[in-house]
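Peer 1: Listed below, chain by chain, are the residues.
2 protein chains.
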Amino acid sequence: MEPGIATRMQYISPFYVMELLQLAKQLERQGRDVIHMEIGEPDFPTPKGVLEAGRQCLHDGQIKYTAATGLQPLREAIGQYYFDRYRIQVAVERIFITPGATGAFLLALGSSLNPGEEIIMADPCYPCNNNFVRLFGGTTQYVKATAETNFQLNAELIRHHWNEHSKGVVVASPSNPTGTLISPDDLKQSVEQTLALKGCFYSDEIYHGLVYKDKAVSALQFSDKAFVINSFSKFFGMTGWRVGWLVVPEAFIDPVEKLAQNIFISTPTQSQYAALACFSRENLEELDRRAAVFAERKDYLYKRLIELGFEVEAEPQGAFYIYANCSRYTDDTFKFAKDLLLAEAVAVTPGKDFGHNRENLYIRFAYTASVDRMSAALDRLEQFLCQYPK
Amino acid sequence: MEPGIATRMQYISPFYVMELLQLAKQLERQGRDVIHMEIGEPDFPTPKGVLEAGRQCLHDGQIKYTAATGLQPLREAIGQYYFDRYRIQVAVERIFITPGATGAFLLALGSSLNPGEEIIMADPCYPCNNNFVRLFGGTTQYVKATAETNFQLNAELIRHHWNEHSKGVVVASPSNPTGTLISPDDLKQSVEQTLALKGCFYSDEIYHGLVYKDKAVSALQFSDKAFVINSFSKFFGMTGWRVGWLVVPEAFIDPVEKLAQNIFISTPTQSQYAALACFSRENLEELDRRAAVFAERKDYLYKRLIELGFEVEAEPQGAFYIYANCSRYTDDTFKFAKDLLLAEAVAVTPGKDFGHNRENLYIRFAYTASVDRMSAALDRLEQFLCQYPK
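The listed protein sequences derive, respectively, from chains A and B. Residue numbers for the first sequence, in numbering that gives the first Met the number 0: 0 to 389. Residue numbers for the second sequence, in numbering that gives the first Met the number 0: 0 to 389.
Bound-form chain A, shown alone (with noise of 0.2 angstroms):
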C-alpha cells in the first residue's frame, strides 16, 4: 500500500459492481440500451407531495443548520409512525435524523464499537456494514446463512458465535441481498439473547414498507435498548436526498449527539423539510401503491428466473432483491456477470459484493425496473444462456 494510507483502508472494500457500472457507461456511450438490474435504488421518483414540501423550504431561503439530532418535528413524526405502523412508544430524544442510513449507522458504530471488538453478522450482508466496523477498528464475525434459517441469524447461532471479542450483533431484515426476513420469534429472541449477553443489536430496518406478504417486525417492539437504523431512501423514495433515522437505547443520547454535532453539524435541512411530507395519508396511500408494484415484479422476477434454471432458495419477502444460486450455468458469477453485460447488456450484480459465503455462485437481480423491461432483460438472459458457457 502507497506510504501514509491508513492501514484499515486494506479492510475496506470497494464495491466490485463499480467496474460493471463503468463498464455499462461505456457501453451506453456507445449507444448501448443497458437494462439495469443491479442498482439498489428505486425507479419511482421522489413523490409529489414530498417533492413540493422540498420546493416549498427552497423558498425563502433560509436553509440554515438544523441541530444535529434533527428538526424536531421530523422527530416527532417519526415517534408518530412508530405508534402508527407499529403500536410502539419510542420516546423522541431517542430518535435522530441522520444524512441517510448511512450516517445512522456511523453513529451506532462510532458511539459504542472498540477497536478489537468484533460485529456479528450474517454472510451474505450487505458490503457496508463490515466496512463500517473496520473503519473504527473493529471485526467482523460472518456467520454462514442459509436457507434453513432465511439468510438470517438467530438466537442459537449467536450463542454459539459470541466469545470474549463479541461487541454485537447487525440484523437486516428484509435482507440486502436476499429479501428474506428474520421471523418475529428469531428477532425477538436474538435481541433478548444478544442483550443477555451485554452486547449491542443493531437492527437494520431500511426496507421496511417493502414487504409483500408478512409484516417486517422492528427490534423495538421487543427492547428499548436495541439500536435502529432507518431510512427514507427506499420505501419513501428519498435516495439522492440523503436522509434517515437513527434510534438509539437511552443511555447513548448523550454520547449519539456529541458525535452527530461533531461528524454531520446537520442533516440536510431542505430534505428533513421534504421528509416530513412523508407521512401524509396521500403519500403514505401513494408509498403502499408502490409497494403492491414491487410485489408484482417480484412475482414476476421469481417465476422467470426459476423457469430458466436458476435455484432461489429462499423466497424473497421484501425489499427488491433476488439472490439467485447461478450453479447451473457458472462458479464465477462476477465473470457471468461481466459477459452478460458484454453480450447482452444486462446489468446485474455479483454475489462477491456480499460476503464470502459461496459468493462465486450467486447474482443479485433487483427488481428496480418495470415489467416491461425486466422482461426484456430475461429475454436476453435466455438467449445469453444458450451460448453459456462459451
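Treat the hints with care, since some could be wrong.
Which copy? The list can't say, so a pair holds if one copy fits it or any two copies do.
Unchecked claim - Restricting the straight-line Cα-Cα distance to at most 27 angstroms, the calculated cross-link-like pairs of lysine-lysine (DSSO-like) are:
#  : residue 1 : residue 2
1  : K143      : K214
2  : K63       : K47
3  : K63       : K351
4  : K302      : K197
5  : K63       : K24
6  : K24       : K187
7  : K47       : K143
8  : K257      : K24
9  : K47       : K187
10 : K302      : K24
11 : K257      : K143
12 : K224      : K351
13 : K337      : K214
14 : K337      : K257
15 : K187      : K302
16 : K224      : K187
17 : K143      : K337
18 : K334      : K257
19 : K224      : K24
20 : K24       : K334
21 : K351      : K257
22 : K63       : K337
Everything labelled a hint here was simulated from the structure, so no lab data went into it.
Dock chain B against chain A, hints included.
Peer 2: Chain B only, in chain A's frame:
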C-alpha cells in the same frame, strides 16, 4: 461511563456553547429578544440563483444517488474555480464532493490516520478537528499559538513538535476562532516541512473568500500532495445544504473513493445541483458584495470591542469571528458568557470550545448579525460590564 459506550467517546468533546444555546432558546420562549453572536453561520440567505437551481432540480423528482465522487460537472467547476481564483491546475480526479467540510475531514482522516498516530494543530482551533482525530483512534498534539505567529503554526513549530508518533498537521486559514491568516511564506514552508517529514498536510480552507485585506492562499499552490478541505457553507452561503469538497493527493484517490462509497453513498443530489450555480459571474459578484459587508461588520465590531476594553491580540483578517481576550473583566469566560446571556440576552461562545490555551480568558464574537443588531448587542454588553463582576 455507561457500559457499552465506546471508549473514544470520553475523548470527544461536546460543543460547550450548546448549553448556552439551550438557555438562549429558553429565554426566547419567555419572550426575550436574544441577539446571537455565537453562531458560525452567515445570516444571509442562500443566493437567489443557487436557490433557483435547487428548485429546478426538484422539478422532475429524479433525485437519485450520484456517484460517490460527486457530480462530474461540479467537480469540473471546482477545478475551474481553482484556476480562475488561484491560477492553479487541479486534476478533477483529485476533487471529491462531500457532505460539507465535516464529510471532507472524515474522508481525509479516515483514509490516512492510524490509531495511535498524532496530529499537530494550533491551539486555539476548531473543536471538531480533535474530535475527528479521536474518532479514528489518533491523538492531537496541541501547539499553543500566540499573536506572535498570528495564532497559526509555522515550519519551525512543526519541526519542533514533530515526533515518532506524528502523522500530520492541520492548518486552518482563516482560522476559527481567531479569523487570522497564515502568511503565504509560512504556509509554503509548513507544507514543505510536513511533506519532508513524510507527514500529511491537511489545509482547512473553508473560510476562503471571506478574507478582507490580504488574500488567502491555498496549500495547493505549493504542493499537489496536500489535502484541502473546503465547503459551500460559509463564503457560498449554503450551510444547511451540506455540501463541500476535498482535494486529495493522487495516491489517495482510490482509497478515498472507496471510503466515500461506504460512509456517504453520495452527497445530497439537489445540493450538488444547486452548488453548480455558485460559480456564475452574477453569483460570485453577489458573494463578493456580501464579503464586503462582513468586512464592514468586522471593522465595526473590532473598534467597539477595543473601546469596551477587550484585547484583540491579532487583528482578524477573515472568516466572521473576533477572538477577544476578556482578562480585564474575568478569568472564567464560560461563566461570563452565561451571565451575559441571562442578564442582557446576548449570546457569545466561550473560549472553552476552542482548546486549552488560556481558553478561560477568551470569548469568540461572531459577526454573523447586522451592524444594527451588533450595535444593540454591544450597548447591552457595555451595560453589563458596568456591573461585572457583581
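Peer 1: Take the hints in turn and mark each one as holding or not.
Peer 2: Hints, one by one, checked against the model:
1. K143 - K214: Within one copy, since 25 angstroms is at most 27 angstroms while 59 angstroms is not.
2. K63 - K47: Close inside one copy (24 angstroms) and across copies (15 angstroms); limit 27 angstroms.
3. K63 - K351: Close across copies (25 angstroms), not inside one copy (41 angstroms); limit 27 angstroms.
4. K302 - K197: neither (43 angstroms within a copy, 59 angstroms between copies)
5. K63 - K24: Answer is between: at 16 angstroms across copies they meet the 27 angstroms cutoff, but 36 angstroms inside does not.
6. K24 - K187: The answer is neither: 44 angstroms in one copy and 41 angstroms across copies each exceed 27 angstroms.
7. K47 - K143: Neither: 42 angstroms inside a chain and 54 angstroms across chains, both beyond 27 angstroms.
8. K257 - K24: Between copies, since 19 angstroms is at most 27 angstroms while 41 angstroms is not.
9. K47 - K187: Classified as neither; 37 angstroms inside a copy, 52 angstroms across copies.
10. K302 - K24: Neither: 29 angstroms inside a copy, 59 angstroms across copies.
11. K257 - K143: Classified as between; 25 angstroms across copies, 36 angstroms inside a copy.
12. K224 - K351: neither (33 angstroms within a copy, 34 angstroms between copies)
13. K337 - K214: neither (36 angstroms within a copy, 51 angstroms between copies)
14. K337 - K257: For K337 and K257, the Cα distance is within 27 angstroms only across copies (21 angstroms; inside one copy 45 angstroms).
15. K187 - K302: neither (32 angstroms within a copy, 65 angstroms between copies)
16. K224 - K187: within (12 angstroms within a copy, 52 angstroms between copies)
17. K143 - K337: within (26 angstroms within a copy, 56 angstroms between copies)
18. K334 - K257: between (45 angstroms within a copy, 22 angstroms between copies)
19. K224 - K24: The answer is neither: 45 angstroms in one copy and 30 angstroms across copies each exceed 27 angstroms.
20. K24 - K334: Result: close within a single copy only, 18 angstroms intra versus 60 angstroms inter.
21. K351 - K257: between (36 angstroms within a copy, 16 angstroms between copies)
22. K63 - K337: Cα proximity of K63 and K337: across copies only (24 angstroms, versus 45 angstroms in one copy).
Consistency with the previously given hints fails for numbers 4, 6, 7, 9, 10, 12, 13, 15 and 19, ordered from lowest to highest.
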